[in-house]
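Asker: With chain G fixed as given, assemble chain H onto it according to the hints.
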Amino acid sequence: MGIVAYARKHAAFLAFSAVAMCAPLFIGNKYYLSILAFTATRLMVALGLNLLMGQAGQVSLGHAAFVAIGAYGSAVMTTRWSVNPWLAMLVAALLAAGVAAILGVPTLKLRGHYLAMATLGFGEIVFILLVQLKGLTLGTDGISGIPSLTIGSLDFGRPRAYHWLAWGVALLMLRMSLNLVDSRVGRSLRALDRAEIAALSLGVNTSFRKVQVFVVSAVFASVAGSFYVHYIHYISPDSFSVTFSVVLVTTVVLGGLGNVWGAVWGSIFMLFLPEYLKRFNQDYTNLVFGLMLIVVMIFLPGGLVGLRHVPARLRRRFTPPDALPAEDT
Amino acid sequence: MSFDQFLQYISSGITSGSIYALTALGFTLIYNSTDIINFAQGEFVMLGGLVAISMHEWGAPLPLAFLVAVALVGIVGVIFEQLAIRPLLSAGVLAQIIVTIGASLAIRTVAMLIWGRESLPLPPFSGDSPIVILGASILPQTLWVLGLTLVIVVALQLFYRRTLTGKAVRACSVNPTAARLMGISYSRVVLLSFGLSAAISAAGGVMITPVSFMSYSAGALIGLKGFAACILGGLGNPVGAVAGGLILGILEALTVGFLPFSGSSGYKDGVAFLILLVILFARPQGLFGRRTVEKV
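Protein sequence lines correspond, in order, to chains G and H.
Just so we're aligned, residue 1 is where the first sequence starts under my numbering, counting upward by one.
Just so we're aligned, residue 1 is where the second sequence starts under my numbering, counting upward by one.
It should be emphasised that the hints constitute simulated quantities derived from the structure, not laboratory data.
Nothing here was measured: the structure is a model prediction, and the numbers come from that model.
Treat the hints loosely; a few may be bogus.
Straight-line distance between alpha carbons at most 20 Å, and here's what the computed EDC-like set of lysine to aspartate or glutamate pairs gives [unchecked claim]:
| # | chain 1 | residue 1 | chain 2 | residue 2 |
| --- | --- | --- | --- | --- |
| 1 | G | Lys-30 | G | Asp-155 |
| 2 | H | Lys-167 | H | Asp-35 |
| 3 | G | Lys-30 | G | Glu-275 |
| 4 | G | Lys-109 | H | Asp-35 |
| 5 | G | Lys-134 | H | Asp-35 |
| 6 | G | Lys-134 | G | Asp-238 |
Stretches of chain H that chain G covers, calculated by requiring three or more beta carbons in the stretch to come under 8 Å of a beta carbon on chain G [stated by the list, open to error]:
| # | stretch |
| --- | --- |
| 7 | 81 to 91 |
| 8 | 94 to 104 |
| 9 | 211 to 224 |
Using N, Cα and C, we set each Cβ at its ideal position, and we do this for glycine too.
One chain only, chain G, in its complex shape (with noise of 0.2 Å):
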């Protein structure tokens, strides 16, 4: 394939791309790049659930725990053992992957939604752990002194350069994500979330396909993690209660479900929706996720990316049904 051909193809992602990546040169303000470096860590966690919610039909209330995995993962490792931080992150991924296996192989054999449930528990076990297990965790005073990820003597403390780094495994991933729902693994993801017994009897281990993107959302979920202590260098349990999970969930379904982009959108919405709402009172933007959740899958199940289909759809309601043209009834 050629690169104009390459590029056309892929005009969306690398105009993004292009976007995130060169944001830092024109935003001096400092609060307004930690935004935008929180974005690129929720996008990560929000890729792999969305994957999970859109393409396997499967949701999951215990993702906050796969985040702690990897912030606490990396935390302890590097400032109680003095491990690499690369090593560290690598480490605590493979254990969120091992302990989605755990989670996902006895309740993804079976129809229905038992994940969801097993996972809020296990989202209550891990916040449960991280507040009594006070020799590895410190409890409720939390870890400090976590330090910067470094390569040789490139510092990723600095907001510019962690900023880079961030986005650009961020938009690794979100390649990934893309590439997936378009390869074979995609397709068969899909039909097993619409027809699961068809999906079944054409050849798809359908449970296989659907523990292999847990697992593959949990990692992200973990990497997420990681990154995000390197940059805030201090970690307590508050940050992972069940209720974050919920706002995870609410972040992939206000982006839109089903759409590997509505991770993107819903991820920059939700960390700046709340900037603004925290001018009134911080504890209304739980009872707004909330609702939000509801109002979305009421009235607009495609969630923000699926608004573009809205001016069709009105057209299609006040025009009369016979001056439509034949492929659109």
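Answerer: Quick look at chain H alone, frame taken from chain G:
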């Protein structure tokens, strides 16, 4: 562990187990009529307790506070069904579940805005001087919880077996299409299920508050345990749900009793989760499973 200590643990296990049983019944009612697992079930329990606390603070006698809480939360269940579930009755299960997750977060946050973050108390229904049975001292509240749970379970069974409305609900859970063809209004059955389910769970919430207090955030964990009880007894089986709840409560209490190290009560909450995973792995139809769980 001596015998009277053992009895002590059993009685405290039965107390919390009864609440799990009522929560599990709530799950079952909604699941049987709609196939939805209602992630806001625990919030109904929490609301029941908190509403009763407010009623009692305003001077209502406890029985009145109990009834008002149950009725109010029942109405909340009905409103929830009308606003959020009704528009999605024919949508996919994922959409329905996401809506219940949203409702759970919204209800919890509203409760925090109304009642604050503290755990609030409610006096026991009839004093707190313990009654000694077989050497174990048992709080009167335990007997209240057990008795009222029994009354609710029996009343529910009578409703389902003896009344026309109850039979209509059962018909819908067996075969909604056939039930509709017979002139049963499916949407009214769903409405009734949500109202009843919320009310029963709220009753559990009022009863447990004198034992363990109530706060806006308590719902999630109670909901999870209620669901674990459902799975233990076989999802969709009301008798299994009650039995599952009691077994789970007793297992939890014994875990605290047998684990000698301090802080073991913190790990008690892990028991439900462990049971949930083990049952899903080894026997997904539950201990008394009647409905078959489809494997794919």
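Asker: Quick one, are Lys-30 (chain G) and Glu-275 (chain G) close enough, alpha carbons at most 20 Å?
Answerer: Holds, at roughly 15 Å.
Asker: Does Lys-134 (chain G) pair with Asp-238 (chain G) here, judged by a C-alpha cut-off of 20 Å?
Answerer: Distance of about 14 Å is within 20 Å: holds.
Asker: With the threshold set at 20 Å, check whether the alpha-carbon distance from Lys-167 (chain H) to Asp-35 (chain H) stays at or below it.
Answerer: holds (18 Å)
Asker: Holds or violated: the stretch 81 to 91 of chain H covered by chain G, criterion of 3 or more residues with Cβ-Cβ distance under 8 Å?
Answerer: holds (count 5)
Asker: Lys-134 (chain G) and Asp-35 (chain H) were given as a pair; does the straight-line alpha-carbon distance stay at or below 20 Å?
Answerer: Not satisfied, since the Cα-Cα distance of roughly 41 Å exceeds 20 Å.
Asker: Does Lys-30 (chain G) pair with Asp-155 (chain G) here, judged by a C-alpha cut-off of 20 Å?
Answerer: holds (17 Å)
Asker: Under the criterion that the straight-line Cα-Cα distance not exceed 20 Å, is the pair Lys-109 (chain G), Asp-35 (chain H) satisfied?
Answerer: It holds: about 18 Å lies between the C-alpha atoms, which stays within 20 Å.
Asker: Confirm or reject the coverage of the stretch 94 to 104 of chain H by chain G under the rule of 3 or more residues with a beta carbon closer than 8 Å to the chain's beta carbons.
Answerer: With 9 residues close enough to chain G, the hint holds.
Asker: Quick check: the stretch 211 to 224 of chain H, covered by chain G? Criterion 3+ residues, Cβ under 8 Å.
Answerer: With 3 residues close enough to chain G, the hint holds.
Comparing the model with each numbered hint stated earlier shows that hint 5 is the single one that does not hold.
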